[in-house]
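Start from chain A and add chain B according to the hints.
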Amino acid sequence: MANSINTTSISLNAIESMVIGRLKSGSKGYYLLLALFGMLAAVAAGLGVQAMIKGHEHFYNVTREMPWGILIITYVFFVVTSTGLCLVSSIGHVFGIQDFMPIAKRSVFLSIATILSGFFVIAFEIKIPWRMAIYNVISPNITSNIWWMGTLYGVYLMLMFAEFVFLNLNIHKPAVICGFSGSVAGIAAHSNLGAVFGLLMGREFWHGPFMPIYFITSAMMTGCSVIIVFHVLAAKVNNERMDAGMKRALEVTTKVGILLICIIAFFTTWKMVSGIAGEPGGKYEAVMALVNGPYAFNFWVLEVGMGMVLPLVLFTLSKGKNLSMMFVGAASMIVGIFVMRYDLVMVGQIVPVFHELGVNEYKHLLQYTPSLYEMLIAFGGVAMTMFLFLLGEKLFAGHKVEAHEGHH
Amino acid sequence: MFTKMKLDNLKNEGVENVTMKERRDFLKMGLAITGIFAGGTILSAVSSMNKVFASSEEFASKYPYKPHYSMVIHQDRCIDCERCVEACAATNSVPHEAYRTRILEKDVPDAIGQKREFIPVLCNQCNLPQCTRVCPTKATYKNPKNGIVMMDIAKCIGCLTCQESCPYNARYFNEEKKAVDKCNFCFDTRLSKGEQLTGCAAACPAKCRIFGDLSDQGSDVYKTVHQIEKAVWVLRPEAGTKPNVFYTKG
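Same order as they appear, the protein sequences are chains A and B.
Its first residue numbered 8, the first sequence is counted upward by one per residue in the numbering used here.
Its first residue numbered 1371, the second sequence is counted upward by one per residue in the numbering used here.
Isolated chain A (complex conformation):
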């Protein structure tokens, strides 16, 4: 008995000194960035708590007519990213495509970091989040997509967490089981998020089966871009040169990225055409807001230009080998994808529900500009992802996968 306690304390000590050793290995710039992002996230949390206590209406620009603002958008962006990271990384370590193996650990870690950032942001958008913890359990509504999404993302987070632990302990089989189950939970959760929008009748821009399908596809697209950006950044943080395996992994990720950009471009084309042909009521106004209305810059320059065209060109020119091109393309894609989420949520709301009634109050499209508080809290979510990423690089020693690969 005494012996076992002794063993435990020794191993705990060993872990402690290892962790401290790893955390101390960073450069000055590393600590500066870590502190900066940590502070930004803490400030955002402070502002969020203030808004929660004093009432969101004093701090946020959302309205009765447009209840969902940039915080929901940022949440959607983060869970899209998390699901995408989970799905793209599972190609390697769950489905056994060796080329993808080197990105597995960091991607799983990032999928946890991004979903935590998503939860962080949504906690300040939902008015009374603690009631959710209670009544989601004791008063579930199984017809509600929000309920399914919340519940499944909870399961997903636990599975991803377990998968990450198993990956780090090099226990292969449970890692694969968790990875596979996590992917299934992620797809179910994420398509439910699509259905939150898609199943709303009377919100023409969203309504239909398109949303769940689009969400999953765009999640994988996002996953590719985030994997490229963060693996290039990680090499900088760890001051390392990428080995051949990692380069190969990013090459194939880039190729998958090219395919997914093309699929999303195809989906977007038909979404737009179907909103214009025959001028379907409610949907037409929304789509035209993207084509030549208040959201045209967002759509053409940021969504199409930065989100699709530029990355497609750069990815193709890079042949999956020129890391600088791939990095710029993927970073541009992330910005474009955020704007895609922004436009998707906003444009679905800008046509007032009584627009077609022709009443004076609702003749025009609705407007929303995020408040400073909303923007800072949303940015706090980004800062949280960056903070966790930086912390993870040192804590898990650059998410090395050699030992894991050695098992095969």
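Warning: the hint list may mix true and false statements.
[What the hints assert, rightly or not] Between beta-carbon pairs, the in silico distance windows are:
| hint | chain 1 | residue 1 | chain 2 | residue 2 | range |
| --- | --- | --- | --- | --- | --- |
| 1 | A | Ile149 | B | Asp1450 | 40 to 50 Å |
| 2 | A | Pro136 | B | Glu1456 | 27 to 37 Å |
| 3 | B | Glu1456 | A | Gly288 | 29 to 39 Å |
Please keep in mind that the hints were generated in silico from the structure rather than gathered at the bench.
Every residue gets a Cβ at the ideal spot worked out from N, C-alpha and C, and that includes glycine.
Okay, now just chain B, sitting in the frame of chain A:
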């Protein structure tokens, strides 16, 4: 088997020979069958009943609630005095910046004669409400007895999905209650205390808002909804929520 009708051989009687009576009957038939179309929002009595209930023969026995509370709004009687809005706010402690019911204004500058009309709106207490479907915690629900869409404010997490889902913009977040708030036909403040009318219906000086039990064949709401001489419609029928607030004129 069938003789082909030779339309070409039929004699053109000419429209000048159609009497006013025939024209009117024809128009009326058209209105009753197809519904008056006005911006995609208006249906005639027949089609609105078919929208709201399974079929016109069955509807009397198909009212799922007893009483099945309903409101018929005589749109042309509204003079925008807003006494309904004030009564509602006072009865239900609606914060100053919010509303459970309001009156929309519609200007039709090129109309002949009257160029403005008012459209009172409130929660439609839908038979197939989307708000109750999307609520993750059953904080909003159909009252199983009277069909009123109610709030259990203690369960509301404030995700506002119900607000997004409502085709009538009938919901808002009440910061004082820390929950989404909406019209419940004054159930807690009046009906449950023995009053027969909602606050808004009682306050209306123009008898614009007729409130009653749609399952009672003697009620005014029943008589208005179950006739085909005057057009009765619902707002946003395409949202498919089968509302219990009807609109008519006259």
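Hints, verified against the model:
1. Range check, A/Ile149 to B/Asp1450: Cβ separation about 43 Å, and the 40 to 50 Å hint holds.
2. A/Pro136 and B/Glu1456 have their C-beta atoms about 35 Å apart, which keeps the hinted 27 to 37 Å range intact.
3. Restraint check, B/Glu1456 to A/Gly288: a C-beta distance of roughly 34 Å satisfies the suggested window 29 to 39 Å.
Comparing the model with each earlier hint shows no violations; every hint is respected.
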